[in-house]
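Trainee: Residue-level listing of the chains:
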Amino acid sequence: MNETILKAENLSKRFESGRHKVRALRGVNMEVKRGEFISIRGPSGSGKTTLLTMIGCLDTPTEGKLLLDGEDVSSLPESGLCDIRRRKIGFVFQTFNLLPYLSALENVELPMETMEPSPEKRRKKAMELLGSVGLRKRMSHRPNKLSAGEQQRVAIARALANDPSIILADEPTGNLDTRTKQGIMGLLSRLNAERGTTIIMVTHDPAVCNSTDRMLWLSDGRILKKERKGFNLIRKKLMCPRCHCDIRPEFDECPGCKARLEPAGGPDSQSRKIEGSAGKSDPRR
Amino acid sequence: MARIGDDGMSVLKRSLRNVARKKSRMVLVMVAIALAMAIMISVPSGIMSNEAQVQRLNDSYTSMMAQTQAEINQTANLIECSYSFFNDGLYLNDSDVSAIRSMANVSEAVPRLTQMWTDSNKSYSINGVPLTTSFIDSYGVLPTNMTKGRNLVAGDLGVAVIDSNLADKLGIDIDGIIDLNGTSFKVVGIYSPGSFQSQRIPTGFGGFGGDRPPGGTGGYQRPPDGQFQPGNWRNTTRGTVYINLFNLQTLYGLEGKVNQLDVYANDVSLVDSIANDIQANYTSLSVSTPKDRLERLQTVTQMFQATIANSKNTLANMESVGFQEIAVALIATCTIVLLTMVYAVRERTKEVGVLKAIGFSSRDVMKQFLAEGLIICVIAGVVGIIIGNIAAPFLTSVLLPPQSQQDQAGPGRGGAFIYRGGAFMDQGQDASAVSPDPMLTLAAFGVAVALGAAGSLYPAWKASRISPMEALRYE
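One line per chain: the protein sequences are V and F, in this order. Note that our numbering has the first sequence beginning at 1, numbered continuously upward. Note that our numbering has the second sequence beginning at 1001, numbered continuously upward.
Derived from the structure by calculation, the hints contain no laboratory data. Any given hint might turn out to be false.
[What the hints assert, rightly or not] Keeping only pairs whose Cα atoms sit at most 30 Å apart, straight-line, the calculated DSSO-like set for lysine-lysine is: (1) 1023(F) to 145(V); (2) 145(V) to 1291(F); (3) 125(V) to 1312(F); (4) 1350(F) to 124(V); (5) 1367(F) to 124(V); (6) 1350(F) to 181(V); (7) 21(V) to 1350(F).
Keep in mind the model is a prediction, meaning the values are calculated, not measured.
Bound-form chain V, shown alone:
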């Protein structure tokens, strides 16, 4: 647990589109230990997914350094990044992204094609993985015959196919109902606990953060807060009436749109107003 598996140093990413320049990440520093389950939260456009794509070697940073298992991946060419993705990263997406023309079993086998030469071994392992996510009887079904929860479980099994060092989950519960969400979070927690797989999960949902060891609060391309397990933001979480991003009661300004906020009405108050605004606040819950 003490071994550092991921270290980001001053990680920055700029996107340029004509005259427009967007700084998606502004000097992110973070460190993840092997076996940790981390959630990354933040308002829309805060750079969560960009950070995840950097960690997942789907893109390279403009500046800074990213060490994965001690290897600097920030300046690798596409072939090197591809190799890292193949060996060390497993992805779980919000929209599952299973290939619709393959069965659940074939979807799980797919990543192994690049690593395991034996089709028999691939099949055996894919069956084991699907069994471990509770889909032993649904292996031959194509994604359109599976429920959303089942599809996400297939996606998780696929992410585990090459025994990755890290699983990166981009809002894995975003498309699921509450009950299924709990099931998927339970599954991820179990994988983390039983297999010791490091999981980094991007989410908007404060509820799912409770299942993680740590939460990183990302805003405007920077990590603003690092919370340990038990931080329990749920009760205290408020929403900015302008940009709808999550605000903690102690914040004086919205981390998303930088609007100055009036002081909270009281300890149990869940409404905040923008200074000088007569508009109604819009509590999330």
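Given chain V, work out where chain F should sit, using these hints.
Mentor: For chain F alone, kept in the frame of chain V given last:
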């Protein structure tokens, strides 16, 4: 190796699934490619078939001209006398034959009677020849090239020798019976007509008189009205039958009458004077000397050469049009594959992102899309080959330019060869004779695969270059 093989199978399996997934689109694409393939097969096949046919006709006619020339040279003392079909009812009597035979400087006069017997879809030229030992031995009145049975012999009655084409069409073998004008004759021999035109043009129909025994080249005779119609010519069973002159005379109630007489002069230098004498005495009789026959041969040769020249021009035109069509088909095929695959790549951008995210390299992605393009073209190629082989005559007739009227008729009335279904056909040949060459079929298949590769290359490369992050964000 195992890895390559297994990976190849997986790529193939996925590609097949993808191709099968978009059935309607793929079927349309395949039909388009298959049609292009069929064009690539059938058009060159049609052109090659035409070239071969023209060459064959050229060879046959050249050979026949040479043979006729030789025959004329060999029979320099022969004067051919005949009543044409237009003079139906005019015959030479025995007394006329005797009178001509006894003319000064005439060594022999060989009488013959030729009748056309026509029935429903049957038209035979019946040659009645004098079956005496001297005529048979010295004047070659009988056909040569016997292939079955025996030839007629002196004194044969009630028997016939027929040409092999007729025997095949009627299904008659040795000892079979052939009906001639209501009387049955036993077939004792079958001979090969021996020359190209004699298979088709019965005596008196063509420029050279058709099937004749050596020693005679026949006179130019037009058929009587109604006996020969080009329209029904193809469906008519034709042939030549040899029987005893006496039998033929009896058959038609023409006892003692003949309509052809081969007069042999004692000396070549006397041929013209004898011919003039005969013509003077028998004004309606067509009298032909070797000189006349040579002139006719030259005329027919010129006609034939003009026809062959026209045919070659048409062939050149066909080649030009055909290759333009093939070029258009190739470009269209390549474009169809290209657009289909570009569309498929765009449609499946997110899938490319997923594949890359789970560890597929750019090369793996490129391989996947290339394989799909190739599979489409291989399947379409096979379909195209089947269509091309089955529909080659039809496609050839539709795609190749039609022949001019002048080219359609060869030497002689009705033409020695005609143009049907985009191909030159001799009159016994069917349009379905346009059959694609196996090497051509193989080459077309190779082109299909190459087109698949060429058309898929850019989209596959483009797919492989998509940034995984952008691909995953693509909606």
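Trainee: All hints, please: hold or fail.
Mentor: Each hint, compared with the structure:
1. 1023(F) to 145(V): holds, 20 Å
2. 145(V) to 1291(F): Violated: residue 145(V) and residue 1291(F) sit about 94 Å apart, past 30 Å.
3. 125(V) to 1312(F): Between residue 125(V) and residue 1312(F) the Cα gap is close to 70 Å, so the pair fails against 30 Å, i.e. violated.
4. 1350(F) to 124(V): holds, 28 Å
5. 1367(F) to 124(V): OK: residue 1367(F) and residue 124(V) at ~26 Å, within 30 Å.
6. 1350(F) to 181(V): Given that 30 Å is the threshold and the Cα spacing comes to 24 Å, the pair holds.
7. 21(V) to 1350(F): With Cα atoms ~25 Å apart, residue 21(V) and residue 1350(F) stay inside 30 Å; holds.
Hint violations for this structure: numbers 2 and 3, all remaining hints satisfied.
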